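Chains as they are written, first to last, in my numbering: chain E, 1 to 92; chain W, 1 to 162; chain V, 1 to 122.
FYI, nobody ran anything at the bench for these hints, they're computed from the structure.
A portion of the hints provided could be inaccurate.
What the hints assert, rightly or not - Computed, partial: chain W to chain V, Cβ under 7 Å: (1) 19; (2) 20; (3) 79; (4) 92.
Nothing here was measured: the structure is a model prediction, and the numbers come from that model.
C-beta: ideal position from N, C-alpha, C; glycine also.
Letter by letter, the chains look like this.
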Amino acid sequence: MSALLSNAILASLFLFSLAMVLTLVRLFKGPSAQDRVLALDYLYILAMLMMLALGIRYASDTYFEAALLIALFGFVGSFALAKFLLRGEVIE
Amino acid sequence: MKRLFPAPWLSLALWALWLVLNLSISPGNLLLGAILGFLAPLMMAPLRPLPVRIRRPGVIIRLFFLVGRDVILSNLHVAWGILTCGTRPPRSRFVKIPLDLRDANGLAVLSMITSVTPGTVWSELALDRSILLLHVFDLDDDAQFIEHFKQAYERPLMEIFE
Amino acid sequence: MINVSELPLWVEVLVAILLLLSSLFALLGAIGLLRMKDFFQRMHPPALASTLGAWCVALASIIYFSTLKSGPVLHGWLIPILLSITVPVTTLLLARTSLFRKRMAGEDVPAEVSSRRTESGS
């Protein structure tokens, strides 16, 4: 891997982490509960994109499976939280 | 044939999904994927509320590319709106759209399109499916937006599903 | 299967541009999430990362692994497909939740679009 690509990957990983920090600020600040759920959902998406970038960095397929798992758990988690906010109960 | 394969396209898609996930076309994986594609729709058939009838494949392809283009354009639009929101706050508001589309599957696809496109969020649908409440990120003219929405998305979906 | 050090230059440049583009869009989404004033405005910026951001990363990973393995490696596309199915469900539910809670709190949001009469009729 040339210096060009590895530096570009480093830069994009840095930008992803910066985005995560900003989202964390919203997560802690978020005036309402649904703001926090939205921020958490965005954190999951960012983590998933980061996994794909890491997969390219280490030229490995395994990170793809991690990304799929993060996407699925993120979906289930935010769905359950949003459902909880709607009615106050997860199971009806 | 109809009883064995209640949803042939779903079976085919599941088969392809299995092969892509495993990244191989060895005989074993071909067989396992085929079993999955055969069994999953059969077991899900009792859950299925409405049969999907699709007409006009050409319209589907055109709609697909139209949505792709619109997603990219509205991405740039929303990105620009975020960058300039300090000097010029985005004109966000709710829009009520009268709907003609009644088919449940068509409405599901419509809600997917609006939620995937940045700049529009599907907020509420009236119980009789006649009015849709949409939140739009940056909006010039209500009437023009409603006209574009109905022409670009609702009309092709009505052609496909009704 | 070719070695990581012998990738053609155009592939490296393309993958680098796509990755940077995707991370820029993700960052913009986070900035928007932080800067917007109203909850419903804040629902829009995350869509940047889940559409164009995810598409760019998926395209980069497809191009990179397909050149590396000298054959089509298409599983990157599953991520955008999965996202385009799951993200609408979450956004839809969050929007409804927020409308419901804001109405309960008596804030300035549109009233329910379905009238009482149709509700009891259906």
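Give me the numbers of the hints this structure contradicts, sorted from smallest to largest.
1
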